[in-house]
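**Student:** The chain contents come next:
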Amino acid sequence: MARFAMALDYKNCINCRACESACKQENGILLDKDHYRIWVGVKEIEGEFPNLSIASQAYYPSQCQHCDNAPCQQVCPTNATYYDQNGVVRINPEQCILCTYCINACPYDARYVDNRTITVDKCNFCADTRLANGETTTACQATCPTKVRIFGDLDDPNSEISQVLSKREYKQIKAGLGTKPKLFYLI
Amino acid sequence: MKVEVSRRRFLQGSIALTIAGGYAMSPSEILASAKAKASESGQAGRKKIATLCEMCVNKCAAFAYVEDGVVTKLDPNPYFPKSRNMLCPRGNAGVQALYDPDRLKYPLIRDGEKGSGKFKRVSWDEAYKYIGDKLAQILDEEHDNRSTVAFCAGEGVAEHTFKNFFTGFGSSHFLNHASLCLATTVSGYALTIGGYGSADLVNADYVIMAGANRAEAIVTPDTMDFFKRTIGRGAKLITVDPRFTNTAAKSDKWIPLKVGTDLAFVLALTYVAINEEIYNKQFVATSFNNFEAYKNHILSSGYTPEWAQKITGIPAQDIYEVARTFMSHAPRAIYYQGRRTTWSKNDFQLRRAQALFSALGGGVDVKGGICFGKNLPLIGHDVPSPIYDNAKSRIDKNEAAVVGGSGSWVGFRNMILEGRNPYPIRALFNYKHNPMSNMPNSRKTAEFLKKLDLVVTIDTMPSDTVMLSDVILPECTYLERTDPVKSFGGIEPAIAQRNKVVEPLFETKAVIDIMRGLTKNISKQLFAVTKKYDTEVQDAIEKDGEESVYGDFDLTKAFYESQEELNHHAVANYPDAVQALEEKGVYYPDMDKYFKKLNVNNYEYYPESKKAYSVKNGKLATPSGKVECKIDSLVSKGIDAMPLWKDEYLKEIPDGKFNFITGRHAQFTQSGSSNNKLLLSLVPTNYAWINKRVATKRGIKFGDLIEVSSKVGKTTIRAYPTEKIGQDTLFFVHGFGNASSDLTLAHDNGGNDANILEDIIEPMHGATCLHETIVEIRKV
Numbered sequence: 001m002a003r004f005a006m007a008l009d010y011k012n013c014i015n016c017r018a019c020e021s022a023c024k025q026e027n028g029i030l031l032d033k034d035h036y037r038i039w040v041g042v043k044e045i046e047g048e049f050p051n052l053s054i055a056s057q058a059y060y061p062s063q064c065q066h067c068d069n070a071p072c073q074q075v076c077p078t079n080a081t082y083y084d085q086n087g088v089v090r091i092n093p094e095q096c097i098l099c100t101y102c103i104n105a106c107p108y109d110a111r112y113v114d115n116r117t118i119t120v121d122k123c124n125f126c127a128d129t130r131l132a133n134g135e136t137t138t139a140c141q142a143t144c145p146t147k148v149r150i151f152g153d154l155d156d157p158n159s160e161i162s163q164v165l166s167k168r169e170y171k172q173i174k175a176g177l178g179t180k181p182k183l184f185y186l187i
Numbered sequence: 188m189k190v191e192v193s194r195r196r197f198l199q200g201s202i203a204l205t206i207a208g209g210y211a212m213s214p215s216e217i218l219a220s221a222k223a224k225a226s227e228s229g230q231a232g233r234k235k236i237a238t239l240c241e242m243c244v245n246k247c248a249a250f251a252y253v254e255d256g257v258v259t260k261l262d263p264n265p266y267f268p269k270s271r272n273m274l275c276p277r278g279n280a281g282v283q284a285l286y287d288p289d290r291l292k293y294p295l296i297r298d299g300e301k302g303s304g305k306f307k308r309v310s311w312d313e314a315y316k317y318i319g320d321k322l323a324q325i326l327d328e329e330h331d332n333r334s335t336v337a338f339c340a341g342e343g344v345a346e347h348t349f350k351n352f353f354t355g356f357g358s359s360h361f362l363n364h365a366s367l368c369l370a371t372t373v374s375g376y377a378l379t380i381g382g383y384g385s386a387d388l389v390n391a392d393y394v395i396m397a398g399a400n401r402a403e404a405i406v407t408p409d410t411m412d413f414f415k416r417t418i419g420r421g422a423k424l425i426t427v428d429p430r431f432t433n434t435a436a437k438s439d440k441w442i443p444l445k446v447g448t449d450l451a452f453v454l455a456l457t458y459v460a461i462n463e464e465i466y467n468k469q470f471v472a473t474s475f476n477n478f479e480a481y482k483n484h485i486l487s488s489g490y491t492p493e494w495a496q497k498i499t500g501i502p503a504q505d506i507y508e509v510a511r512t513f514m515s516h517a518p519r520a521i522y523y524q525g526r527r528t529t530w531s532k533n534d535f536q537l538r539r540a541q542a543l544f545s546a547l548g549g550g551v552d553v554k555g556g557i558c559f560g561k562n563l564p565l566i567g568h569d570v571p572s573p574i575y576d577n578a579k580s581r582i583d584k585n586e587a588a589v590v591g592g593s594g595s596w597v598g599f600r601n602m603i604l605e606g607r608n609p610y611p612i613r614a615l616f617n618y619k620h621n622p623m624s625n626m627p628n629s630r631k632t633a634e635f636l637k638k639l640d641l642v643v644t645i646d647t648m649p650s651d652t653v654m655l656s657d658v659i660l661p662e663c664t665y666l667e668r669t670d671p672v673k674s675f676g677g678i679e680p681a682i683a684q685r686n687k688v689v690e691p692l693f694e695t696k697a698v699i700d701i702m703r704g705l706t707k708n709i710s711k712q713l714f715a716v717t718k719k720y721d722t723e724v725q726d727a728i729e730k731d732g733e734e735s736v737y738g739d740f741d742l743t744k745a746f747y748e749s750q751e752e753l754n755h756h757a758v759a760n761y762p763d764a765v766q767a768l769e770e771k772g773v774y775y776p777d778m779d780k781y782f783k784k785l786n787v788n789n790y791e792y793y794p795e796s797k798k799a800y801s802v803k804n805g806k807l808a809t810p811s812g813k814v815e816c817k818i819d820s821l822v823s824k825g826i827d828a829m830p831l832w833k834d835e836y837l838k839e840i841p842d843g844k845f846n847f848i849t850g851r852h853a854q855f856t857q858s859g860s861s862n863n864k865l866l867l868s869l870v871p872t873n874y875a876w877i878n879k880r881v882a883t884k885r886g887i888k889f890g891d892l893i894e895v896s897s898k899v900g901k902t903t904i905r906a907y908p909t910e911k912i913g914q915d916t917l918f919f920v921h922g923f924g925n926a927s928s929d930l931t932l933a934h935d936n937g938g939n940d941a942n943i944l945e946d947i948i949e950p951m952h953g954a955t956c957l958h959e960t961i962v963e964i965r966k967v
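Going down the list, the protein sequences come from chains A and B.
Just so we're aligned, residue 1 is where the first sequence starts under my numbering, counting upward by one.
Just so we're aligned, residue 188 is where the second sequence starts under my numbering, counting upward by one.
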């Protein structure tokens with residue numbers, strides 16, 4: 001039993017997309033441009049050459065927020081979407097009927113139709129490929145060149161993520177919706 | 188790059204299609220699919236093998252996971268100080284290179300017009316015999332002038348193995364990437380401060396990256412060392428680049444300058460430092476040679492920021508500010524050396540000026556500056572290096588002031604095309620190198636390759652160069668071979684080794700096995716030609732007997748031992764190294780004691796007191812032992828003794844035309860990764876960056892096809908209108924737009940810079956100038 005979450009030192013992100021590459025290989029995601037569990041959000045820069053705003057060019061690495069109060073879970077008519085014992089929002093491919101309610105319900109645009117598993121899929125914190133084998137990292141965290149991600153257990157006060165969140169300021173995306181997301185963007 | 192369409196919106200109307208769509212799957216997808224069905228654990232029998240990545244030149248350490256004989260995943264290997272526990276997007280995509288269905292699988296011999304793409308499958312022995320017969324005929328016709336056969340190679344640890352064949356063969360012509368890449372930077376820094384060194388970006392407080400785009404053109408450990416601490420944690424970054432890169436996005440200041448004017452910028456920085464006397468006077472007094480001459484030259488030439496503003500377009504005030512802030516942070520301040528030069532004809536002088544400016548702050552051989560580090564020596568391997576009396580010297584030796592052992596590639600090619608070669612060049616051995624894509628003016632390269640009687644290419648993929656070859660020898664990928672062990676010197680030195688992860692697929696072989704097979708087949712046959720024409724050899728045979736003389740010319744000797752045996756020998760001075768290199772892929776003395784996990788992401792390799800920041804004891808590896816301001820020895824060869832600006836360096840860009848620049852992004856290496864399915868799923872093609880206002884005026888929208896043409900050729904590419912580039916500049920990423928129809932995904936995908944780049948070379952090393960081409964565009 002754990003409550004897994006991720007803190008992101010997102011200002012270190014250089015938009016290299018190693019995380020996306022590692023995720024695809026780790027999880028056997030179809031190599032198609034519309035298939036991805038994680039991504040780096042990029043805003044088009046503000047200003048006119050040569051007067052551009054450096055601050056406007058931020059990179060937001062993102063993926064499923066593993067909300068404690070996940071709208072996608074609430075709307076799922078077949079209970080295909082569920083919380084596992086570690087608080088990770090998971091999908092049971094046997095029960096998914098591709099109704100896509102979850103895609104519409106998710107405020108983070110985290111879900112997509114996966115043509116391999118025939119599931120409305122998304123990030124599962126590498127629960128089946130890594131956590132099930134006793135590993136304590138996700139593929140995206142392990143590979144990141146600038147070490148943006150800290151993955152760990154919020155219920156363990158000594159875990160690095162708990163320590164970091166107790167010391168540093170952070171923000172959560174669309175927290176006002178009451179979703180209780182478990183991705184923490186360090187400021 | 189473009190704004191992503193929300194997947195929710197994308198979904199509308201597409202659901203039926205996605206369910207029905209039957210997609211081709213790659214082996215790893217199939218395996219993942221099978222695994223998902225079988226069980227969730229799948230750990231039994233999972234092997235973990237230490238390897239070194241070869242998706243680009245960095246050689247980062249990785250662990251490969253093998254399940255049922257299939258490589259399923261590559262993970263970062265935390266033991267290697269150079270790669271610091273990470274794999275970039277390309278490193279993660281290595282599995283796709285191994286299982287690329289388009290790989291070269293069998294030896295092939297051309298079976299049709301050159302360039303027709305028609306080949307017949309042959310056995311290895313047939314291929315070797317064909318090469319031996321052709322070479323014997325050529326050498327017989329050329330009276331054993333071994334230099335009529337040229338050798339070229341791409342960068343990589345096994346280049347060394349191929350070079351052993353070149354050495355035994357006895358040609359004068361070796362050509363590699365240096366003159367297409369960083370020859371001027373390496374020598375500019377080496378001749379000025381005694382080495383290219385490594386920038387200590389962990390400890391530098393102020394860094395100028397000019398043209399070096401480390402957020403996208405990843406170099407380890409520089410990329411990780413610097414971007415982990417740029418924003419909000421102390422280190423200041425100034426990015427100088429004509430376009431707004433991902434590196435610029437992480438900077439404190441971005442300075443766009445006119446393409447090709449970097450030298451004027453550096454000279455003006457130097458002017459401010461000297462004129463305001465804010466340089467490190469103690470370091471200059473003890474460690475500079477001829478400083479007075481340089482000082483007088485800079486001041487009397489009037490290289491003021493106001494002067495530079497007119498040339499570079501950079502406001503004088505910015506130049507003052509950068510020079511002053513740099514010196515206030517010195518010696519923990521670095522003008523970053525850069526790679527993937529050469530940009531323009533003054534590149535050697537630009538790199539000299541950078542090194543001199545950096546050194547004015549004292550940031551040489553000290554923590555936070557440019558360090559030279561320590562090396563962990565390996566034991567060399569003796570290979571025969573016979574002397575052939577009829578082998579003539581290099582033809583390209585006068586194409587530039589200093590043409591080194593790796594030649595001036597473009598100079599060499601053009602001499603042959605222009606008929607300026609003093610003797611014929613008949614054949615080319617090519618290892619892991621794609622001149623059709625990596626050398627400017629691909630039309631000329633094609634003509635050159637067609638002109639040769641024999642082109643033998645060793646590679647993994649059917650590149651554009653492979654398609655213009657006569658014999659193709661399929662090499663296995665890096666995951667299928669053990670390569671020469673390599674020592675990586677630096678502040679935190681280590682030895683690393685690429686271990687074989689799986690057996691080679693199809694009939695592919697490691698280059699050492701190819702060399703062993705080839706030399707076994709052709710060594711005696713070629714010696715017979717030498718015997719016929721070489722009077723020295725004839726005399727020696729008379730004296731010592733043929734068997735004894737042949738011993739010195741026996742090409743097979745260099746490849747007697749297996750790579751594993753050679754590696755064991757190379758590290759024999761380090762107890763426990765063999766085991767560590769096989770299990771961990773990495774070794775350095777006291778690794779067991781020093782290596783520590785600090786937290787979930789970071790490791791410590793050496794304690795602070797053991798890091799090799801300062802190693803020179805005040806004596807740099809230059810002729811005077813000091814920073815060389817003035818290099819008089821090159822003047823007779825037409826190279827200025829001190830960096831100076833010449834009006835001819837300014838180029839006018841005619842109205843409506845653009846200065847073309849090229850570069851990289853992080854999801855793509857060069858043509859070598861152009862067919863990688865995973866990487867193409869991240870970025871499907873390259874785009875031409877064109878200023879948004881210019882594009883609007885010309886009616887060009889995102890994704891529109893445009894034709895880009897120069898004096899030497901044209902290419903077609905999709906447009907990306909953006910304000911991240913100026914109105915007179917056009918950019919796209921190198922390596923796309925391959926012609927080879929055997930590359931299913933890369934064929935005709937995007938624009939090819941080799942088609943449009945003019946083949947201009949600079950005067951120091953005959954290196955290619957990549958940013959001198961003027962192009963025009965037209966909407967297709």
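Hints listed in this document are in silico derivations from the structure and should not be mistaken for laboratory results.
Every residue gets a Cβ at the ideal spot worked out from N, C-alpha and C, and that includes glycine.
Any given hint could be a false lead.
To be verified - With a Cα cut of at most 20 Å, we get these calculated DMTMM-like pairs of lysine to aspartate or glutamate:
| no. | chain 1 | residue 1 | chain 2 | residue 2 |
| --- | --- | --- | --- | --- |
| 1 | B | K783 | A | E160 |
| 2 | B | K234 | B | E963 |
| 3 | B | K440 | A | E48 |
| 4 | B | K888 | A | E44 |
Said to hold, decoys possible - The following residues of chain A were derived to be distant from chain B, with all beta-carbon distances above 12 Å:
| no. | residue |
| --- | --- |
| 5 | I54 |
| 6 | K171 |
| 7 | L177 |
Said to hold, decoys possible - Reference listing, derived: stretches of chain A covered by chain B, where coverage requires no fewer than 3 residues with Cβ under 8 Å from a Cβ of chain B:
| no. | stretch |
| --- | --- |
| 8 | 11-18 |
| 9 | 74-80 |
| 10 | 129-142 |
| 11 | 146-157 |
**Student:** Take the hints in turn and mark each one as holding or not.
**Tutor:** Hint-by-hint comparison with the structure:
1. B:K783 / A:E160: Status holds; Cα separation ~16 Å.
2. B:K234 / B:E963: violated (54 Å)
3. B:K440 / A:E48: holds (16 Å)
4. B:K888 / A:E44: Holds - the C-alpha atoms of E44 (chain A) and K888 (chain B) are around 15 Å apart, at most 20 Å.
5. I54: For I54 (chain A), whose nearest Cβ neighbour in chain B is about 6 Å away, the distance does not exceed 12 Å, so it is violated.
6. K171: Consistent with the label, K171 (chain A) stays out of reach of chain B, its closest Cβ about 15 Å off (over 12 Å).
7. L177: Holds, since 15 Å exceeds 12 Å.
8. 11-18: That given contact holds, which follows from 7 residues of the stretch 11-18 of chain A lying within Cβ reach (below 8 Å) of chain B.
9. 74-80: Violated - the stretch 74-80 of chain A has 0 residues with a Cβ nearer than 8 Å to chain B, which falls short of three.
10. 129-142: holds (count 7)
11. 146-157: holds (count 6)
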